[in-house]
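Got chain A sorted already, so can you dock chains B and C onto it with the hints?
Chains as they are written, first to last, in UniProt numbering: chain A, 1 to 316; chain B, 1 to 325; chain C, 1 to 583.
To be clear, the hints were calculated from the coordinates, so they are not data collected in a lab. Computed from a prediction, not measured in an experiment: that's the story for all the values here. Honestly, I wouldn't trust all of these hints.
Unchecked claim - Reference listing, derived: stretches of chain C covered by chain A, where coverage requires no fewer than 3 residues with Cβ under 8 Å from a Cβ of chain A: (1) 295–302; (2) 349–358; (3) 369–381; (4) 437–445.
Glycine is no exception: its CB is placed at the ideal position from the N, C-alpha and C atoms.
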Amino acid sequence: MPELPREDPEPTEITPSAGSERQYPEREFTVKARTQTQLVLRRFLQHRLAVVSVFVLLAVILLAFVGGPLWKYSYTDITPDNSVPPSGNHPFGTDNLGYDEFARVLRGTQRSLEIAFSVAVLATAIGTVWGAVAGYYRGWLDSLMMRIADLFLTIPILAAGALLSHHFQTAGWWALALVIAGLAWPAVARIVRGQTLSLREKEYVEAARSMGAKDGRIIFRHILPNVIGQIIVVVTIQIAFAILLESSLSYLGFGVQPPDTSLGALISNAQSALQGGLWWLFYFPGIFIILISLSVNFIGDGLRDAFDPSQQRVRA
Amino acid sequence: MLAFALRRLLVSIPVFILSTFLVFLLVTWGADPLAQLEAKNPPPSQAVINQLADQLYINHSIPARYWHWFSQLFFHGNWGPSVQSGTDIGQLLSTSLTLTARLVIVATILAVILAIIAGVVSATRQYSKTDYTITLIGFLFLSLPVFWFAILLKQAVVNMNNSLNWYWLSTYGANTPGLTGWSAFSDAIGHLVLPTIVLAMSSYASWSRFQRASMLDVLGSDYMRLARAKGLSRRQVMIRHGLRTALIPLTTQVALDTAAILGGAVLTESVFGWQGMGTMLVNGINAGDFNVILAWLTVSAIIVIVFNLIADLLYGVLDPRIRHA
Amino acid sequence: MSGTTRRPLRRRWVAMCASVVTGLLLAGCGGSNSGSGSGGSDTSISGTAAADTFNSGTPKQGGSVTWTIEKTMDNWNILSADGNTFDYAQVVNPLTPSPYIFNPSYSVTLNTDLMVSADETSTSPQTVVYKIQPNAVWSDGTPINADDFIYNWQVQNGTDANIAAATTTGYQDITSVTGSDNGKTVTTVYKTPFGDWKSLFTNMYPAHIAKEHGNNEASFNWFQTNPLPVSGGPFVVSSVSGDKTSVILKRNTKYYGKQSPLDQLTFRAITDASQEPTALQNREVDGIYPQPQTTLVNQLKGMGSQITYKIDAGLGFEHIDFNLKNSALGNATWGKTLRTAMFTATDRNAILTKTIQQFQSSAVPLNSRMLVPGQNGYQDNVTQFGLGEGNTAKAEQLLTSAGFKNVGAGKGGLEAPDGTKIPTFQMKYTVGNQIRLDTCSLFASEMAQLGINVAVTPTDNLGATLTQTGGNGYDIVVFAWVNTPFPSSANQPLYTTGGGGNYGGYSNKNVDAWLAAAASSTDTATQISNLNKADQQISQDAYTLPLYQKPTLIAFYPNLVNVRDNATSMGPTYNAGQWGLKS
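Chain A extracted, bound-state conformation (with noise of 0.2 Å):
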């Protein structure tokens, strides 16, 4: 196995139906060509930040919702300790309410990540086929498409979501959720159909459709999957996106509701804790908002590299 790493052509052209890594075709090497996915896990191992960005987030995503359920006080229970700082039986603190702030900031976690990767996942779903449709049909089709996707892009996500939400208020987090993704869609579709538009011409797109494959069959087989490397990279910034917007919500008094809690909630009501000397309450939601969204950040950025190679070469 060598050991260098390839100077690769652009990763996302190698494969004519890079859907299935094992059909791989014949080449006149004598070496094992790698496929995609290790090519890829390669790079992405090299971003160190990356890498341990990963392990912050799946701590962080266990600690919520394993450990929270598990953790001896719930979120609603009143303890008897009010505004007691951090200690071995309160490792957060806790409220002038006698709230534990660990069991809120582990609920606030969860609420936090299930609006964003609900966002994340709905927002990428709508705006991926949107974008390839719009791309792969071009014309009058793509103007539409495409500008109605300009419409929602006229409209500053914090605001609408501000309107709407607050009309949801009673609702639950799933509305916000369906809220945020319903307007953060259209900037997934404007990159998915950038795409789209260049990969519709190449030669294996060409082949697929005159041998009478479907649309439907071209964009989800052909097409999509080499966008896949973009399509990851949006997700996780759809996903940090949301983290602070939900947060910003929650500030402004429009995001989730008592008796629920997230990150962002936790933080606008702690607002004057810190000159109040409850320091805990204002600290550890933050730290909590930050070590997500900075590791998803990270690991956006690794993505990006892994997936294209192009920024790490420098010659001049």
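Here is chains B and C on its own, set in the frame of chain A:
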């Protein structure tokens, strides 16, 4: 070029009109202008409620309401009545816009300058300690909730003021009432510093990453090597060929980010108690003030569309490789 | 009277009865007392004589003070439904004359700067004669006279449907307002007796300015959007910022009473209460009056002797209400037993411990719906009926002996004596109000002990929930009423059959009669005895349970004198004309 500009302008008009319709639907769905009045205690009489409903024209079908609003606005320059007492929407818009523009413009300039410096330094010293530090800071700001940072900053400044017994830097509002002349000016600057830093930092983070990437792109290109080969100094190459080319994507990115900057301004204003566009929106939503929210979203749509247009045009002007028929 | 609106951090309740006065009477109540030192205190003094002299002293001449309000100055007419807001009243107080002052001790005293006398000269028909000081003038020199009384009566008596006045209470009972003696004597005659006549004619707007702006309706609206061009109080409007976030008042040099020591009084709007301590600490304002909250109070404590703060028990109070329109709660045969058992199991002390006692250790449960401690005639009308003591055993016993089945937790749910299954009750609180949410959570867990299910859900429209309009409604609700120094007229609509604020549909003929007697009587003793009789009956019927007085919080720099809390609807600026800086 002119033809392209005109064509883009013409396309923008229907986009704008449809955008106002979408916004209108959003607001009809999201805001109940009668809620506040109905919630009053003692409850107002049905006649008073009906009177407001009439004024707001809300007992009609949505297309009729939309047309009423649209024609009032574009043929009569009338934003419609507000349900918040004593509020004239046109007047509110102009004072809010002026205030927010002050904040946004200063912050954007600051963010762009910082982003360029950081991006260039980072790219030219790729993988150096400097690069790592700048990158880390960039990522940190990218991942920070704006308001969290703002609250920390505010508290730090208050503590500093208290220990210095010097209260130039302010944490609330855009100015101290009742000052004139030089002291008013100095006071306004003292109020501007903190929100500007906060707003600038949130844009700086993504722009510095962006600038670094496009700088790397340019540095790796053949013409850069050619310029070096011609015997130009490293500095000359950097500035004249490298930076100039690498600025094009950033310029358009800044224009495209307008909507996000407006969103950031809403948060910043909320933390620092500025009575600008952000406060106008938040108050409008809390009061279910239909026409105020509508006015806000319409103005922001205009701003976003205009800046998208500018981004498109700039791209054509700045990048000689793009020629428009 | 008003339900507290949502998001307690950012709003304050709308003041009731549009009753605000400029007070200038109490100057020179001796030297400063121990209460005026810096640092903080949460010993309640409101309603006692000490409240009237807190932080009193002799100010030096000159200086400027910046006070905080929590809304931008969008409406200048506090008599209007739209403008009837506590914060606006703070600004309008020093600009408009009132015959009576509502003091921090809850006493109501004649404003002798403005009035020579005000007397009830006859009870049948009820007649009140006001004599105005001969030198009392508006700041443009126009005398304050009967025209002003007539104008303020006409716009608030409800005869013109186009005028959206905040309240018509009392004014609608007046038949005529006539002037004599060059307008300096005003005679008001009532068609129906109105006991709380001293609450009327507070914050009078100038009739001669109104005349310049059309008919009553037009001028009433004009006053909403325009700062008062003249003043009948110690200050006069100097400027208003374009964004309405600040109002600068200057000393009214034509003032007929004692001149204000301050040259300038600035009001600044800070619309987010949680930011007020920071602005205070950064010397951007000199004083604040936010709704207290643990973290906010901690923040003030952190400033140590740099500032003075005072936490006091206010006139507003939180309470839990049942909706008797619910078929179980309002059941004619066993509903009362059920309600009594539920309130018996409610532990008010537990609620207090978790909520306001965190920052006001002296807080105690409130035992009256009609009056608060410090008000004349306050007495415990609650505990003798066992309500609010958190006695689950007694509650269970009540239910069991009345024939209820499945009493207690985990027995499959309570059943009424006639076999009806007690349904899950919907308990509502204002969205985002953590303290009310916790009150509801505690209540729900106590009810679970009895085998009663209570589902706690937020409402984002308390008004609609209370009035049960537009698909909203409640079975149990927790919210606040704000008392006034005039309990008779204020409480009548809340518990009278079909009354405007009687959202839960309570009806008792005796209560109706007692409340009517209190409202029409001008004798304090009669008023009080009737109110207490009604209160006891309501306790016996277990319709509502008062929880605690909402605390108030005032904080300012110690160099300010004569600045003090006033828990009545007049608020701290009731004596703004006496405010000054320490010499």
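Hints, one by one, checked against the model:
Restraint check on the region 295–302 of chain C versus chain A: 7 residues with Cβ-Cβ distances below 8 Å, three needed, restraint holds. With 3 residues carrying a beta carbon less than 8 Å from a beta carbon of chain A, the region 349–358 of chain C meets the three-residue requirement, and the given coverage holds. Only residues whose C-beta sits within less than 8 Å of a C-beta in chain A count toward coverage, and the region 369–381 of chain C has 0 of them, not enough to reach three; the restraint is violated. Taking a C-beta to C-beta cut-off of 8 Å, the region 437–445 of chain C contributes 4 residues in contact with chain A, enough for the three needed, and the coverage statement holds.
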